[in-house]
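A.B. asks: Based on the hints, put chain X in the right spot on chain L.
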Amino acid sequence: MFANYDKKIKRHELSLMGGLNIEESLYEQERMERDGVISADYPSISQATGVPVALDNYSDYAVLGVFGRANYSFSGKYLLGLTGRYDASSRFPEGHRSGLFPSVSAGWVLTREKFLSRLPVWMNEIKLRASYGAVGNQAIPEYAFYPAMDAVYADWLVGGAQVTTLTPPGLVSSNFTWATVQTLDFGIDLGLFKNRLTASVDWYQRDTKDMLYEGVQLPAILGTGAPLQNVAALQTKGFEVELSWRDKIGALGYRVGVNLFDSRGRIKSIKNEAGLLSQYYVDQELGEIWGFTTDRLYTVDDFVEGSLSDNLTGGQLKEGIPRREGQLPNPGDILFMDYDGNGIVNAGNNTLSDPGDRRVIGNSTPRYRYNVNAGFNFKGFDLSFVINGVVKAQQWRANQLTFPNLYNFGALYSDQLNYWMPGNETAFHARIYDQSAGNQSFNQSVQTRYLQNGAFLRMKNVTLAYSLPDALIRKIALERVQTFISIENAFTLDRLPSGLDPEINRSGDQGFGYPFLRLYSIGFNVSF
Amino acid sequence: MKIVKIYCTLVMLIGICSCSKDFLNKLPKDKLIPETAFVDYNNFKTYGWSLYEQFGGYGGAIPNAMQSDLISDNMNETRPGNMSPYAYQTKIIPASGNNTVTQVVAQWNFAYIRKGNIMLDHIETSKLAEPDKLHWRAVGYFFRALRYYDLIASFGDVPWVGRTLSDTAAILFQPRTPRDEVARHVLDDLLYAEQHIKADGDGANTINKNVVRALISRFGLFEGTWRKYHSLSGAATYLEAAKLASEKLMASFPALIPVYDDVFNSEDLSGKPGIILFKQYAPNLITHSNPRFVGSTSWYYDLTKDAVESYLCTDGNRSPQVPFMQAMPICLLNSGTGTGDCISP
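Those protein sequences? They're chains L and X, same order as listed.
Mapping of the first sequence onto the working numbering: residues 662 to 1189, in sequence order.
Mapping of the second sequence onto the working numbering: residues 7 to 351, in sequence order.
Bound conformation, chain L alone (with noise of 0.2 Å):
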């Protein structure tokens, strides 16, 4: 429900809009099931003879809130606005409940002002943007502040049944509150070229605060983990830049759209005294991979002459080599850097004070987003693509289609044939092993060798149409008809094994999710 106000006095434009937004979301999910229907025909849960199984689950939540607008425009030159709301959510506990979130922006059309009418012709609009806004955040799960008890299946059977019982509840605090985000934002605006060149850039820092997270460290005597409190902030820093060319060579147009985009997130705060690399620390880089650097592989000289066995197992290390910690290396395992020199290679105590070995080695946030799309026509051709892509991202994949014989029922594919074997001592991957056993896993630990490169371009959509001339079909009545082919995903430049997809990147030993679908098509169109 809302209300608008417009007032217009000469050069002063201002319009006020004020509103309550009253919202109430009630899930509910009953579901009943029973194997063995008798009939497929005519299903129906009394005409089956499994064990039939009910189910409930419901949620509810609100949220009450006012809310206000006030725009204010000086003859089209200075532009203010002003927005507040504020909101009450039953996601938070009683006295904890509400918050404000204002906002506030401001425009000034260069262009527009007097004392630059001299500008070169070619600047048709100029205009710079700022502003500061604030939005809560209250997607966290209903009633967290509630200690809940789940009925679960105890691990025990009375007279042959499984027992149900409860599951203990956890430590909650009942004083947090909404999270808010709060965005920073300069741009420009730009037309040029007759507006044939529009352009914008923005720049914005996001700063989400008082995100919920476990509020303090505390050691394991507790017996659950710490209660969730607004203790937490994230601050990201973004650009977006946007060009978009439109023109025509005399009977050829055409249109091109860039799109670039980036951002760095940074976690402010959190309560992380010990510096665990095992959870989000202060300062810490969303994305960032921690891995041991890869040397290189063990050669048969790193160990003490005739210790070998025949099979080149068993040997000892001469002095001075390092190994990883619980590993007893052989020729072709990988010999990682050993930074601190102790002659072991090992994460220390797993934390920023004592990394060991481990360093940051890439960060998984793709950098540089980019989207292209252009277009050209020329006498009733039409061609335009469609392009997405990455510049820059570095990504940890540990499956099948990149480690040769991953696990002991893993797979050796065609391509994975360089691994270290006597003979191949300056092979890629490292040396396998019989059911995938023994050093194997150490091989495969996260590391510099085969930290995999995310960058790629993607050809999302080509279409190429012909449309019939107008001249032609409005003889025989028709509005339009054209042909088209187009295909999507047409192909994808990357430098991952083959098989993967930048975009898709799914834990488990396959390493692939649902692909992206090469679709193929062509078409006929006739508007009457």
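None of the hints are false.
Interface residues of chain X toward chain L, partial, derived using beta-carbon atoms under 10 Å:
(1) Phe29
(2) Leu30
(3) Leu38
(4) Asn49
(5) Val164
(6) Pro165
(7) Gly209
(8) Thr212
For the record, the hints were derived by calculation from the structure and aren't laboratory data.
Every residue, glycine too, gets a C-beta built ideally from N, C-alpha and C.
C.D. replies: Showing chain X alone in chain L's frame:
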């Protein structure tokens, strides 16, 4: 007109604000909270079943009975590369612990202790009758003692957590409680449990007086001998408790199960002589994989010659005094079918 609008808006606002408190109060409909989960006897019984998880039964993919033998000279794993991390000095000390079940080395995890304490802390505020309160306290004490027995065996000194902790509890940052004190708590709790638990528990195959006595017997023997052989005080207290409990147990269970192998490889031990409490297995519900290990060449695991030779044979000899293959049928092959007269090691 404008005035009417403003009035309307105001009326709406007031209306909404006055009902907003109830409007925003949403309670979970399909979950219980402690206030609703611990009221009557059946509530406690329901929650109590979750404490039985501490009985690991035969264990998971590798039976508990084999776990520790695999890293000793009694058994050997022949899978390539999976040699004993202790023998080859490749064992890495774990950084954190799981909530392991009994018979496996306990790790630094107190989730189970908290689970038991939550039940204990809600007994007083419940609507249980007075004798039932005693019974459930006894059950809670028993399970907590069961976990502490494992913790003491692994760590010696462990923090004694006698009630559910909040995130601000002082004990979180205090040093461990001395073993002496923890062991005394465990024994006291068990003796309380023996006295107050219902003689028949909550039906067949549940915690009852005899189960408590069995734990007193085990724990008392363990703690008593530890003290005796480390020349510590108090050994007699624990040994005496063990002896008393064992005597009562022996009176109640005069016969032992005739086929020793059944104890280690059965689905259902109900009604078998000498069985105090057992973990029942049933297809599709709770299963075990022990039959996989019955044959002498099963999976990757096998006994070593050393282990075979340490078995006692029916004629009273240790196997080194008889030819190797003669010892085998008696003690190993027949044990698989359960028909032989195998003798306990």
